[in-house]
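Use these hints to put chain B onto chain A, whose structure you have.
What follows is each chain in one-letter form.
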Amino acid sequence: MQLQGIGIGQGIALGPVARMAGPLPEPVDRPSHLDAEREGERARASLSVVAEELNRRGAQAGGAAQDILEAQAMMAEDPTLTDDITTRLATGKTAERAVFEAFASFRDLLAGMGGYMGERAADLDDVAQRVIAHLLKVPAPGLPDPGHPYVLVARDLAPADTAMLDLDQVLALVTTDGGPTSHTAILARDKAIVAVVGAADAASLGDGDAVIVDAENGVVVAAPSEAELAEARARVEERKTRAAAPLTPGQLADGTLVPLLANLGSADGAPAALEAGAEGVGLFRTEFLFLDAQSAPTVRDQQAQYTRLLQAFSGKKVVVRVLDAGADKPLAFLNDADEENPALGLRGIRALRSNETILREQLTALAAADAATDADLWVMAPMVANAEEARYFTDLAHELGIRMAGVMVEVPSAALLADRVLAATGFASIGTNDLTQYTMAADRLLGSVSRFQSPWHPAVLSLVGSVGAAGRDLGKPVGICGEAAADPLLAVVLVGLGATTLSMSPSALADVRASLARFTLDDAHAIAEAALAADGAAEAQAAAKSVAAGLTAVVASAT
Amino acid sequence: MPTAERTVRIASSHGLHARPAKLFSQAAGASGAAVTVAKGDGAPVNAASILAVISQGIDHGDEVTVAVDGDNADTVLDQLVELLLTDHDE
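Protein sequence lines correspond, in order, to chains A and B.
FYI, UniProt numbering numbers position 111 of the first sequence as 111, with every residue one higher than the one before it.
FYI, UniProt numbering numbers position 48 of the second sequence as 48, with every residue one higher than the one before it.
Okay, chain A solo, but in the shape it has when bound:
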């Protein structure tokens, strides 16, 4: 049986399911039907089972984790806590409620002490949830730990869960909620984990069920046949071979160069990007410098960070995007007004323009870092809506010493009038995630409208084509820096529409490199035409696939 979802990346994996259970509701405070002694036995039994389980996991984990898990086991059997539970049971409470209240009182005590003790409060919560889950005979909340590699099935993952994931154990991620830009999807792209998100029917999967997670086709295969398993294993091997292929520059079959660049969120990602064969950076997000900050970082601090990045890409192109605040990533010192509709509010270049000092300082720091290194620095502004904004940013960047200034095309108005926007600036880089959101009027973070969020939609492709045509006429570069470039076939379509560079998560580079090498520029034009002529996203993808299959068949028979 095939469960439909949205595939992240091109991977495929197979293995047994382990489900992540949601948090438990607070046990109701009602009189117990049992006597206090019987409830006490229930509580002690569950406390002891949980302590044993924690000790067992500790012994398995070893190291620092063992100390934490053993300390948690001691908390479960702590005599002071047990006394507290007994006292509460004597008033006629259920074991569930008494355990909940006793743990909560210690939790509040520790949390009130702050600092290190505050962190132990979370450990205590975790133990309490495990004990109550055991009493209720339901799975404990949080990440599963079946003791073998597994396919994690969850509603969606919170950032705290993703930080705890043991990547040696997780074969693939499947979520029932969440769209292509959910935390789970971002983590999966970042760490190159096979994932299918928004597969609502995956809620029916149970622990231990064998599944195939096929991200390329956006499906989870439940109860796979022997033939399906064999095919999946073959594809896993094939991908391993492709990942080991030599790191050549991005190039079409006819020799047309299409530089393959990396999307990075901090300089820490540079070594992995270079290792994956990135020919530079197509999108360097600078938000990390500003997040959690009450005020903007100093020019000196910024310069040090940019210098570190540029040094890692000596002699290569690095496209830095100035601060993109607002909408899903508000910053206290930039967006203080409460907006009814923040995606359409004061964000991107609009927010920077109303706080020009921040923009001037960032451009100054970038120019200084550029002067001190020999990378080829390009700087671009986010959320540019028209030629006037493009001119404003380009002039200001030049004034402050930036040699190559450009704009991101994410707003349909900028794509529709790309000839006038590009005439006012040095280059364009298309952010396909936001361009899709604004073209389709579908919030990119909202799972309920995820069916509108495909960059394959011919309306989105048509806008990309408009920018590509303007770039070709004016001789200006047009890059793609949205996740669309990470889809191997869509990457060919984007090149056919006029993209001159593609930027993506480093983990996608190998698949896209292999895909580009199969087609000539004429092929890319033909595939793009087929996609553009379709009615909707799914039809465009199917049309592109069918034309591409015909073209590779010709190549294969010719050789």
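I should point out that these hints are in silico values taken from the structure, not numbers from a laboratory.
Ideal Cβ placement from N, Cα and C applies to all residues, glycine included.
Wrong hints could be hidden among the right ones.
Unchecked claim - Counterexamples of contact, computed for chain A against chain B with all Cβ distances above 12 Å:
{"#": "1", "residue": "A102"}
{"#": "2", "residue": "L110"}
{"#": "3", "residue": "R120"}
{"#": "4", "residue": "D190"}
{"#": "5", "residue": "E238"}
{"#": "6", "residue": "L334"}
{"#": "7", "residue": "A343"}
{"#": "8", "residue": "L396"}
To be verified - Subject to a maximum C-alpha distance of 20 Å in a straight line, what follows is the list of computed SDA-like cross-link-like pairs (lysine to any residue):
{"#": "9", "chain 1": "B", "residue 1": "K39", "chain 2": "B", "residue 2": "V81"}
{"#": "10", "chain 1": "A", "residue 1": "K317", "chain 2": "A", "residue 2": "K240"}
{"#": "11", "chain 1": "B", "residue 1": "K39", "chain 2": "A", "residue 2": "L109"}
{"#": "12", "chain 1": "A", "residue 1": "K240", "chain 2": "A", "residue 2": "R518"}
{"#": "13", "chain 1": "A", "residue 1": "K137", "chain 2": "A", "residue 2": "H33"}
{"#": "14", "chain 1": "A", "residue 1": "K137", "chain 2": "A", "residue 2": "G208"}
{"#": "15", "chain 1": "B", "residue 1": "K39", "chain 2": "A", "residue 2": "M113"}
{"#": "16", "chain 1": "A", "residue 1": "K137", "chain 2": "A", "residue 2": "F288"}
{"#": "17", "chain 1": "B", "residue 1": "K39", "chain 2": "A", "residue 2": "T80"}
{"#": "18", "chain 1": "A", "residue 1": "K316", "chain 2": "A", "residue 2": "L274"}
{"#": "19", "chain 1": "A", "residue 1": "K317", "chain 2": "A", "residue 2": "G345"}
{"#": "20", "chain 1": "A", "residue 1": "K191", "chain 2": "A", "residue 2": "A272"}
{"#": "21", "chain 1": "B", "residue 1": "K39", "chain 2": "A", "residue 2": "R42"}
{"#": "22", "chain 1": "B", "residue 1": "K39", "chain 2": "A", "residue 2": "G112"}
Frame of chain A, contents of chain B only:
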């Protein structure tokens, strides 16, 4: 029943939290004796209770009094004091 008691300063650089507290409570529980620990002039708490121990908020350099009531009280006290005088956070 024989009782032994001693006052010492905590050696671990992060105090009697985390790993040192775990080791101390573990040893107190395993000794079979009744062991209490008091911070400064505070009320003694059950040393075998890790929650009671860590909620005392005992830091590096704090004075604590350990009291052991049971067989081999002196030997048990020596072992426990030894734990408190070792810096486990090195």
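Unmet hints by their number, sorted upward, for this structure: Result: hints 1, 2, 3, 10, 16, 19 and 21 break, sorted rising.
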